[in-house]
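Participant: Next come the chains, spelled out residue by residue.
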Amino acid sequence: MILSVRDLRVSFRTNDGLVRAIDGVSFDLEESEILGVVGESGSGKTVSLLAVMGLITDPNADIEGSIRYKGRELVGLPARELRRLRGNEIAMIFQDPMTALTPVYTIGWQIAEQIRAHRNISKSKAMDRVEELLAEVNFPNPHEAMSRYPHQLSGGMRQRAVIAMALSCNPALLVADEPTTALDVTVQAGILDLVRKLRATHKSAVVFITHDMGVVSELADRVMVMYAGRVVERGSRAELFSDPRHPYTRALLGSIPPLTGEKPRRLPAIPGSPPSLLRLPQGCAFGPRCPVHYEPCATGKPDLEGDTHAAACFRVAQA
Amino acid sequence: MTDKDRPILETRSLGKRFSIGTRFSAEGKRTVHAVDNVSLTVWRGETVGLVGESGCGKSTLARCLVRLYDISDGELLFEGEDITSKSLSELRPLRRRLQMVFQDPSASLNPRRRVGDLVAEPLRIHSKLSSSEIKKRVAELFDLVGLLPDHVMRYPHEFSGGQRQRVGIARAIALNPDLVVLDEPVSALDVSVQAQIVNLLADLQEKLHLTYIFIAHDLSVVRQVSTRIAVMYLGSIVEEGPAEEVFAAPAHPYSQALISAVPVVETTPSGTRKRIILTGDVPSPLSPPSGCRIHPRCPIAAERCRSERPQLREYRPGRKVACHFPTV
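Residue numbers (the UniProt record's numbering), protein chains in the order written: chain A, 1 to 319; chain B, 1 to 328.
One should not assume that every hint holds.
Said to hold, decoys possible - Calculated pairs, DSSO-like style, for lysine-lysine (alpha carbon to alpha carbon, straight line, at most 30 Å): (1) B:29 x B:128; (2) B:274 x A:203; (3) A:263 x B:274; (4) A:197 x A:125.
What the hints contain is simulated information worked out from the structure, not anything from laboratory work. A quick note: this is a predicted structure, and the numbers were derived from the prediction, not measured.
Isolated chain A, as found in the complex (with noise of 0.2 Å):
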């Protein structure tokens, strides 16, 4: 087991009150397994990955439960200790490569900085160890794009360079946080390739965050659907895909527009939109938008009933 978060609970308190983020999210990551993580904007994905990584700095932000890493309690962890982990075990990916990188420093001298706060080798050494991991990821020419500044390449080939340098100490576990959603499709299917790959040669465990079903379906060994800081569905790929529970899930599915086959006349579209996290409904926070909601859907909220394939709904769990 390389993680194991159980019951995180994150909120923030702001002059409008407090916003749970996240409200009791629990999972589990094994060696070299994709976990891919779907949700809309405001369903706390990204604040569940970055209390895992430890990177909640705001004072206002009360972080409960448990976020154990190869068995070690995160939680608490004083900063020295998170440091030594984050970016050596513990690599992340982000949305914008070019917040990742700074603009001021060529590609090589970035990664190899990062080598040696981890690692106690010469520069020389970490210069080549830079050559190999572009190599890695497919640059065409790793030799000449160490001495590349970043605005001097495109946007594929960034988000390329902080993937060799998130994987520059061979870290057990990958964050990815919508790494493709900036990019172009063309693009896109060259990094979920080399994710695919890395995850064959470094056995690295992976969480990739995205609302995109599509990429989920084709990288993700096990899902999770969040919606408003809970995580209304788990299972594996083909159990999610082939089988969708929870209404959400299902409604979520749907409203995507074929790429093949007969052209709906009109998209079954969801209701309404996400609830603010400040003014979230009694009950389930799906129940407004949902189609076949009921009496108890307004009072209390679903747990996730089921064992490897879970949902929570009322509805499902009387079915």
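Got chain A sorted already, so can you dock chain B onto it with the hints?
Facilitator: Just chain B now, kept in the frame of chain A:
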């Protein structure tokens, strides 16, 4: 409608050049051909989808079509009338018939004005309606796009992204336009809200007999809304045809790669779809490759592609392709 046989909008070898740098910059003054030799015909009542990777010139083309940009080469015809070089004042009467919806509704709505006021603005400028008539029309428009009457007094920040895009759409249709250019209208929205806006656009098209030019990078959304699509690469159209036909059997290797790269939800185990990977990145439009502009990335490029640039030609009624070796 009246004249079905006359195109509502037509471009003939349209081009848009930007000059960048000055004579003092390292490379000197240079020219980018953002849109190059585009001939596109748009018929009344249809939706033409423009697709392509970022930087392919689809947004620049859209802005040329509504004359937000001045046109460098070629001609632009609206209902047969040449509007390529009309002055701003000459264009004014046309503006009400040619409208645009932008990608980011929070950037295109003034945050300091009430949304009712924002929707009323085009009416105040272009129509001779009295203020009470304008009020009535705004209420009508709000109802049409699915906003509540009391939303009129709110400010843009009080709305969700989807509602804000509805305001943007209400503004665009306020003057009963004939043609609406939609530049990535659903890209900034949550997945669950996208479908609502796509449906709204379809309903409005039916009710108001609108013609759309629809730009999006999400190919499944483009297929859903478009009757015809045009695939662009480095400023030129490389394939054109009925949306469903092109998606089912793309003729150009670039379209094939683009469509095969879209991740789709498959309930059966993966591996049923064949993916064509394009190598490398889109080249800079500052120094486009010789011959066919895709040849350095094309899986089937031959000697001829390196030297001779293929022209867009009609190989079957309604289907056009610019390739020496199309799959037909």
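Participant: Decide, hint by hint, whether the structure agrees.
Facilitator: Each hint tested on the structure:
1. B:29 x B:128: 47 Å, violated
2. B:274 x A:203: 26 Å, holds
3. A:263 x B:274: 22 Å, holds
4. A:197 x A:125: Roughly 25 Å between the alpha carbons, so the hint for residue 197 of chain A and residue 125 of chain A holds.
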